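Participant: Chains as they are written, first to last, in this note's numbering: chain A, 78 to 739; chain B, 19 to 183.
Please keep in mind that the hints were generated in silico from the structure rather than gathered at the bench.
Check each hint, because a few of them may be wrong.
[To be verified] In silico BS3-like links for lysine-lysine, alpha-carbon gap of 27 Å or less:
hint, chain 1, residue 1, chain 2, residue 2
1, A, K687, B, K110
2, A, K687, A, K659
3, A, K624, A, K568
4, A, K344, A, K656
5, A, K624, A, K659
6, B, K84, B, K110
7, A, K344, A, K458
8, B, K110, A, K458
9, B, K110, B, K83
10, A, K643, B, K110
11, A, K458, B, K83
12, A, K344, A, K499
13, A, K495, A, K343
14, A, K656, A, K624
15, A, K643, A, K687
16, A, K656, A, K687
17, B, K84, A, K599
18, A, K499, B, K83
19, A, K599, A, K643
20, A, K495, A, K599
21, B, K83, A, K687
[To be verified] Distance ranges between label pairs, derived from CB positions:
hint, chain 1, residue 1, chain 2, residue 2, range
22, A, T231, B, R118, 20 to 26 Å
23, A, R672, B, A52, 18 to 24 Å
24, B, V134, A, H117, 31 to 37 Å
25, B, V134, A, I390, 25 to 31 Å
26, A, M78, B, F120, 50 to 56 Å
27, A, G276, B, G63, 34 to 40 Å
28, B, G63, A, V647, 30 to 36 Å
29, A, P156, B, A52, 34 to 40 Å
30, B, E88, A, G391, 49 to 55 Å
31, A, L554, B, A52, 57 to 63 Å
32, B, R48, A, Q600, 30 to 36 Å
[What the hints assert, rightly or not] Listed next, the stretches of chain A that the computed footprint assigns to chain B, with coverage defined by at least 3 CB atoms under 8 Å from CB atoms of chain B:
hint, region
33, 313 to 326
34, 345 to 352
35, 437 to 449
36, 462 to 476
Since we're looking at a predicted model, the values are computed, not measured.
We put the CB at the ideal spot given by N, CA and C, even for glycine.
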Amino acid sequence: MAEIGRLAISLALLCAVFSIGLSVIGARRRRGDLVRSGEHAAYATFGLVALATVLLLRALLAQDYSLEYVAAYSSSTLPTNYKIAALWGGQKGSLLFWAFVLTLFTTVVEVQNRARNRELMPWVTATLMIVTAFFLGLVTFITDPFERLPVPATEGADLNPLLQNYWMMIHPPSLYTGYVSASVPFAFAMAALITGRLGDQWIRTTRRWALFSWFFLTLGNLFGAMWAYEVLGWGGYWAWDPVENAAFMPWLVSTAYLHSVMIQEKKDMLRVWNMVLVLLTFTLTIFGTFLTRSGVISSVHSFTQSGLGPYFIGFLLVILLGVGALVAYRLPELRTAGTIESFLSREAAFLFNNLILVGIAFAVFWGTVFPVVSEWVRGVKITVGPPFFNRVNAPLGIALLFLMGVGPVIAWRRATAKNLWKAFAGPVGVALATGVLFLATGMPFGAAWLTFVLGVFATGTVVQEFWRGMRARQALLHESAPRALSRVVGKNRRRYGGYIIHLGIVAIFFGIAGSSAFRLEKQQTLNTGEQMSIGRYVLRYDGVQSKEDGHLSQLAAVVTVLVDGKPIDVLHPEKRFYKKPKQPTTEVANRSTLREDLYLVLGSYDDATKLVTLLAYVNPLVVWIWIGGLVMALGTAVAVWPSGREREVRVLAPGAVGASAE
Amino acid sequence: MNARAAALCVLLATTVPALAPAAALAVSERPTQAEMEEALTCQCGCGLTVHSCNHLNCGSGEPIKKEIAERLARGETGPAILAAFEARFGEKILSAPTFRGFNWLAWVTPFLVVFVAGSILAVTLRRRARAGAPTPVAPSAPPPAGGDPALRDRLARELKDLDRD
Numbered sequence: 078m079a080e081i082g083r084l085a086i087s088l089a090l091l092c093a094v095f096s097i098g099l100s101v102i103g104a105r106r107r108r109g110d111l112v113r114s115g116e117h118a119a120y121a122t123f124g125l126v127a128l129a130t131v132l133l134l135r136a137l138l139a140q141d142y143s144l145e146y147v148a149a150y151s152s153s154t155l156p157t158n159y160k161i162a163a164l165w166g167g168q169k170g171s172l173l174f175w176a177f178v179l180t181l182f183t184t185v186v187e188v189q190n191r192a193r194n195r196e197l198m199p200w201v202t203a204t205l206m207i208v209t210a211f212f213l214g215l216v217t218f219i220t221d222p223f224e225r226l227p228v229p230a231t232e233g234a235d236l237n238p239l240l241q242n243y244w245m246m247i248h249p250p251s252l253y254t255g256y257v258s259a260s261v262p263f264a265f266a267m268a269a270l271i272t273g274r275l276g277d278q279w280i281r282t283t284r285r286w287a288l289f290s291w292f293f294l295t296l297g298n299l300f301g302a303m304w305a306y307e308v309l310g311w312g313g314y315w316a317w318d319p320v321e322n323a324a325f326m327p328w329l330v331s332t333a334y335l336h337s338v339m340i341q342e343k344k345d346m347l348r349v350w351n352m353v354l355v356l357l358t359f360t361l362t363i364f365g366t367f368l369t370r371s372g373v374i375s376s377v378h379s380f381t382q383s384g385l386g387p388y389f390i391g392f393l394l395v396i397l398l399g400v401g402a403l404v405a406y407r408l409p410e411l412r413t414a415g416t417i418e419s420f421l422s423r424e425a426a427f428l429f430n431n432l433i434l435v436g437i438a439f440a441v442f443w444g445t446v447f448p449v450v451s452e453w454v455r456g457v458k459i460t461v462g463p464p465f466f467n468r469v470n471a472p473l474g475i476a477l478l479f480l481m482g483v484g485p486v487i488a489w490r491r492a493t494a495k496n497l498w499k500a501f502a503g504p505v506g507v508a509l510a511t512g513v514l515f516l517a518t519g520m521p522f523g524a525a526w527l528t529f530v531l532g533v534f535a536t537g538t539v540v541q542e543f544w545r546g547m548r549a550r551q552a553l554l555h556e557s558a559p560r561a562l563s564r565v566v567g568k569n570r571r572r573y574g575g576y577i578i579h580l581g582i583v584a585i586f587f588g589i590a591g592s593s594a595f596r597l598e599k600q601q602t603l604n605t606g607e608q609m610s611i612g613r614y615v616l617r618y619d620g621v622q623s624k625e626d627g628h629l630s631q632l633a634a635v636v637t638v639l640v641d642g643k644p645i646d647v648l649h650p651e652k653r654f655y656k657k658p659k660q661p662t663t664e665v666a667n668r669s670t671l672r673e674d675l676y677l678v679l680g681s682y683d684d685a686t687k688l689v690t691l692l693a694y695v696n697p698l699v700v701w702i703w704i705g706g707l708v709m710a711l712g713t714a715v716a717v718w719p720s721g722r723e724r725e726v727r728v729l730a731p732g733a734v735g736a737s738a739e
Numbered sequence: 019m020n021a022r023a024a025a026l027c028v029l030l031a032t033t034v035p036a037l038a039p040a041a042a043l044a045v046s047e048r049p050t051q052a053e054m055e056e057a058l059t060c061q062c063g064c065g066l067t068v069h070s071c072n073h074l075n076c077g078s079g080e081p082i083k084k085e086i087a088e089r090l091a092r093g094e095t096g097p098a099i100l101a102a103f104e105a106r107f108g109e110k111i112l113s114a115p116t117f118r119g120f121n122w123l124a125w126v127t128p129f130l131v132v133f134v135a136g137s138i139l140a141v142t143l144r145r146r147a148r149a150g151a152p153t154p155v156a157p158s159a160p161p162p163a164g165g166d167p168a169l170r171d172r173l174a175r176e177l178k179d180l181d182r183d
């Protein structure tokens with residue numbers, strides 16, 4: 078079986094190279110038959126990669142310990158779901174999984190464009206297959222997942238206990254999906270540059286792919302934060318670890334692109350911006366992969382250090398040089414006659430929004446790589462940790478929140494005093510009133526206060542837009558409010574979907590501000606029956622519970638939560654001791670409400686004295702981060718759902734390939 | 019110009035106060051235990067600050083916490099405590115770059131890049147706006163007497179509203 082898997086990978090690499098050659102030659106010689114053959118080779122690549130992936134998964138499930146990968150990441154006691162997750166839990170398997178997802182998306186792209194974008198498709202195919210060939214080359218020659226052990230192991234080493242969590246089934250696939258799908262807009266952008274077809278065609282074609290990628294990057298980042306919050310037990314959800322940063326940077330740039338592309342579609346402006354942003358998003362996904370696999374920067378999330386770094390550096394250099402050359406070559410054509418007429422305009426607001434988003438991405442990048450820079454320049458190893466990132470990004474984030482309120486409602490071209498008053502008087506008034514109220518209730522003036530005030534401002538502008546759209550339709554068509562609202566949204570899905578996403582972002586800002594500025598924490602050692610207080614809660618330690626199976630043993634403290642003397646909950650913070658890797662982990666007990674999380678961690682337990690050390694945190698508003706994620710998902714669904722016109726076109730001409738409004 | 023200045027003032031007013039926390043990058047003279055723990059990186063490899071490391075009986079974090087408590091009890095200042103740990107472990111134990119020499123580059127560069135890029139954008143926008151300013155034209159001839167004023171007003175409003183989207 079291993080031999081078949083290895084052969085499949087080798088053949089897949091061969092097919093990918095074949096596809097590249099056929100596509101390029103076919104495009105240059107205008108040979109449609111060769112272009113089609115290139116596409117068929119891409120299909121074959123996917124089939125072979127899928128076969129290899131299935132075989133590796135089968136080996137994991139069958140506990141084939143003759144394979145080094147299976148012996149390293151599986152075991153007889155590992156639950157089935159984690160055996161599946163082991164596919165992406167290790168270096169070698171995750172690279173194969175990346176190739177699988179990439180070739181799957183390539184197949185989808187080929188099918189979608191069977192009868193359209195024909196002048197772009199050869200170069201799209203070639204680009205996607207070049208990326209595929211890179212990953213398959215690594216899997217074939219550097220990190221073979223089907224490598225056999227000289228002597229088969231009798232038992233596996235087990236998956237890292239920190240990865241044995243249900244989030245392991247959710248977070249990595251989400252993030253990989255976001256990362257890998259960024260290749261599609263990149264491929265079309267490259268095709269546009271190569272062919273000189275720099276209009277809106279490639280943008281319209283990749284609109285949903287860009288949103289798809291952004292959506293899964295959003296999920297990946299949020300799921301990672303939720304996982305960290307639940308598992309690591311330090312009371313927080315984001316530690317600015319290099320690998321976390323690697324996932325955040327492409328999200329930021331992708332977000333900038335999704336805003337900027339609207340300006341190109343409406344005003345035929347910012348072409349250079351959009352091209353650079355799409356290319357940069359993809360580059361950052363590769364850079365992120367480099368960070369997690371090269372060991373160049375220390376991270377608890379990294380894979381085992383390997384020799385992959387130089388190959389990724391080389392690939393990044395090729396990308397940057399190639400992209401840079403193409404953009405420079407096409408720069409005269411990319412520039413447009415359109416211009417931004419005024420600072421006080423929607424176009425300008427979007428442009429500065431881009432600047433802030435890219436600025437934050439740069440700040441994160443700079444902080445992430447600065448330890449390497451310092452060591453290289455001064456020979457001194459330093460740490461750039463959360464205090465740096467929090468302080469550098471806070472003002473930029475707040476500026477972003479302000480622009481998020483301005484951008485959607487400021488006038489196109491040039492805002493007059495009347496426009497500004499009409500658009501902002503209400504939201505500004507509500508925001509200032511809220512700010513005064515917060516000050517009156519004792520909230521100190523500072524970053525958190527600013528965040529809440531600007532969040533209310535941004536929310537106000539969004540609500541105002543929904544209200545005005547609804548009222549306008551009611552006035553014209555005399556519809557009921559619910560019907561008018563649903564119709565307005567349905568007729569402008571991208572716009573109102575975007576507004577909903579903004580509401581989600583505001584919720585996330587609130588959660589971050591609340592949990593950062595107003596967090597309470599306490600550590601205390603208790604005997605059975607003793608109590609500790611934190612915030613409005615009293616925690617009573619009622620003893621421990623323990624249980625054991627062949628895989629792990631568990632020790633949980635029983636903690637009764639009282640408010641105003643009344644018990645409201647019983648929490649069980651836990652320590653787990655896995656037997657195979659002999660590694661302890663923390664299982665947090667968290668009571669989450671809209672107002673705050675009560676977050677308990679079992680610090681230590683002394684069996685002799687029966688004393689337990691509890692760490693307790695009160696984290697205000699954390700749940701709003703997760704709610705914000707849900708709202709963003711809803712907004713994305715609204716934005717991406719086909720409009721009525723698109724559905725009508727499809728219904729009228731179901732057999733017309735490429736008849737979609739896209 | 020007034021509206022433009024007002025917008026910039028609003029932007030600055032919302033941004034500058036947020037920079038205030040950045041002014042407190044170094045620890046205070048009389049810091050709390052938590053503040054000191056946040057200023058140091060746990061050396062166990064967890065990647066977190068000493069305060070955040072939750073490893074059971076961490077061989078690095080626990081002794082550091084204990085030493086911090088002892089030093090604070092003796093009345094040592096925050097900077098002095100940091101200097102002592104830095105002398106023993108090197109700069110890597112500090113959870114953020116210092117404000118000395120080359121390390122300033124870490125703090126200044128992000129804001130400098132944003133500021134310079136923003137300035138370039140602003141200048142470019144100003145130049146393009148001026149270059150693209152339309153030449154004043156003579157007033158057009160009055161419409162024919164038979165035109166419908168109400169219809170013209172409606173068209174003007176609709177075009178204006180359309181332009182907003």
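Participant: Broken hints, numbered, in rising order?
Facilitator: 1, 3, 4, 7, 10, 18, 20, 22, 24, 27, 32, 34
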